[in-house]
Structures are given as C-alpha cells and as structure tokens.
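Asker: Single-letter residue listing:
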Amino acid sequence: MAVVEFLGPIGRPSLNVDVKSLSELREFLKNDEELSKWLEISAVAINDVLVSDLNAPIKQGDKISLLPPVCGG
Amino acid sequence: MLELYSGPLDAKEIVNRWYDKYKLKNCGAFITFVGIVRDEDGIDGLSFDVYEPILKSWLDKWNERAKEKGLYIMMAHSIGDVPNHESSYVAGVVSPRRRAGLEIFDIFVEDFKTKAPIWKYDLIDGKRVYAQARSTALPGAGILKV
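Quick note, the sequences are listed as chains D and G, same order.
Using the numbering used here, the first residue of the first sequence is number 1, and each one after it goes up by one.
Using the numbering used here, the first residue of the second sequence is number 1, and each one after it goes up by one.
It should be emphasised that the hints constitute simulated quantities derived from the structure, not laboratory data.
A couple of the hints might just be wrong.
[As the list claims (entries may be wrong)] To spell it out: a stretch of chain G is covered by chain D in this simulated footprint if at least three of its residues, at any positions, have a beta carbon under 8 Å from a beta carbon of chain D; those stretches are:
hint, region
1, 16-24
2, 119-125
[Said to hold, decoys possible] In silico DMTMM-like links for lysine to aspartate or glutamate, alpha-carbon gap of 25 Å or less:
hint, chain 1, residue 1, chain 2, residue 2
3, G, K145, D, E33
4, G, K61, D, D18
5, D, K37, G, E103
6, G, K23, D, E33
7, D, K37, D, E27
8, G, K113, D, D18
9, G, K145, D, E34
10, G, K115, D, E5
11, G, K115, D, D18
12, G, K145, D, D18
13, G, K145, D, D53
14, G, K56, D, D53
15, G, K56, D, E34
[As the list claims (entries may be wrong)] Here chain G is said to cover these stretches of chain D; the calculated rule only asks that three of the stretch's residues, wherever they fall, bring their Cβ under 8 Å from a Cβ of chain G:
hint, region
16, 6-12
17, 24-38
18, 56-69
Don't be surprised by glycine CBs; every beta carbon is placed ideally from N, CA and C.
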C-alpha cells in the first residue's frame with residue numbers, strides 16, 4: 001500500500017491505495033467528481049519529489065502528495 | 001536557513017538576529033524583504049498552509065546556488081493566521097557585494113512566489129478562503145487529470 005496526501009486547500013484525509021504507478025492512481029481516482037477539479041490543477045510528488053511522468057512507479061510505503069497551486073508570502 | 005512560525009512573524013527580531021549573525025561574515029550587503037499583510041478586499045488577514053519537506057528541498061537548492069557565489073540565503077514564513085498589518089514572510093540575502101546580492105534576491109523572491117509549497121487563504125468573516133486566483137500551478141500540474 002501507498003498513502004496519498006491531499007495538501008493545502010484540498011482538505012481531505014490521507015488515503016491508502018494499492019497501485020503500482022501514477023496512471024493506476026489516476027484510474028483509481030477518476031470517478032471522484034469532487035476531486036476532479038483538484039486533479040486538473042494539482043502537481044504530484046512521490047516521496048517529496050515532484051514528478052511529471054504517469055509511468056512513475058509506486059512502491060510499497062511510498063508517499064504520494066497532491067499539491068494544488070501555490071502562493072507564498 | 002528556514003524558519004517557520006505559527007502566526008505572525010516578529011520581523012524585527014528575525015532581521016536583527018540575522019544581521020547580528022551575518023555581519024561577521026565580511027559581506028558588504030545584507031538585503032531583506034519583509035512582507036506585510038495589506039488590508040484590502042475586506043479581509044481580516046491571511047492564513048497559510050506550508051508543506052515543509054518540499055519547501056526545505058526547494059530552499060536547499062537555493063542555498064547551494066548561493067554558496068557557490070559566496071552568498072547566504074535565509075527565509076522565515078508564517079503557518080496559520082496572520083492579521084492585517086502583521087508580517088508573514090521575511091527573506092534575506094547576505095552578499096559580498098551589493099549588485100550580486102540584489103540580482104539573486106530578485107530571482108529568489110520571484111521563484112519563491114511560484115514554487116514554494118505554501119497555500120494562501122484570505123480570512124473573511126472568520127472563514128479561510130483559498131486564494132486560488134492569486135496562486136500558481138506547480139510544474140507537472142494536471143498530470144492526474146482524466
């Protein structure tokens with residue numbers, strides 16, 4: 001299992017998922033209508049490193065973070 | 001150097017402490033930026049969420065870049081609520097020379113605005129309202145879009 005964290009304004013509790021890649025995670029989340037607006041604008045990190053490849057593998061115990069648009073300062 | 005605080009920053013204490021620490025480094029320039037929450041659009045203040053692990057790695061990269069040029073970079077930021085007219089962000093660069101310091105400082109502060117994993121909310125009538133219109137998507141955003 002890996003854990004998905006929904007950061008900042010997404011405001012959801014973490015979710016345990018059994019997926020082997022980001023594309024599998026996308027399949028897993030695709031029917032969640034409320035989440036879809038966030039998926040469109042959020043970046044994704046695996047173990048605190050931003051990723052841009054849907055084929056990125058996900059291993060047991062990985063932390064997947066969804067990061068919506070940012071504005072510091 | 002990264003400092004995170006719950007609530008408003010004591011900007012005077014932070015800047016003075018940095019000054020006392022870095023004035024001994026034989027650098028000719030200490031540049032600071034202090035962000036102060038403005039009273040506008042009927043807000044009572046701002047509120048922030050911070051994701052520390054990625055903020056730290058973002059700042060580590062800047063520290064490496066600064067170190068190559070003999071500079072020092074530092075920042076402090078608030079977590080949670082900051083009322084109008086208080087400080088939420090302090091950034092500093094210490095540089096052997098003014099020009100190099102001012103140049104890197106400008107790029108650093110702009111990069112901070114668009115890359116640091118911090119989420120801003122307006123405080124309106126006791127509610128936190130995500131400042132989405134003023135926010136910037138991170139690299140790779142939308143990768144999970146169906």
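Asker: For every hint, state whether the structure bears it out.
Answerer: Tested hints:
| no. | hint | result |
| --- | --- | --- |
| 1 | 16-24 | violated (count 0) |
| 2 | 119-125 | holds (count 3) |
| 3 | G:K145 with D:E33 | holds (11 Å) |
| 4 | G:K61 with D:D18 | violated (33 Å) |
| 5 | D:K37 with G:E103 | violated (38 Å) |
| 6 | G:K23 with D:E33 | violated (55 Å) |
| 7 | D:K37 with D:E27 | holds (15 Å) |
| 8 | G:K113 with D:D18 | violated (34 Å) |
| 9 | G:K145 with D:E34 | holds (13 Å) |
| 10 | G:K115 with D:E5 | holds (19 Å) |
| 11 | G:K115 with D:D18 | violated (30 Å) |
| 12 | G:K145 with D:D18 | holds (19 Å) |
| 13 | G:K145 with D:D53 | holds (13 Å) |
| 14 | G:K56 with D:D53 | holds (23 Å) |
| 15 | G:K56 with D:E34 | violated (30 Å) |
| 16 | 6-12 | holds (count 3) |
| 17 | 24-38 | holds (count 5) |
| 18 | 56-69 | holds (count 5) |
In this structure, the earlier hints numbered 1, 4, 5, 6, 8, 11 and 15 are contradicted, and the remaining ones agree with it.
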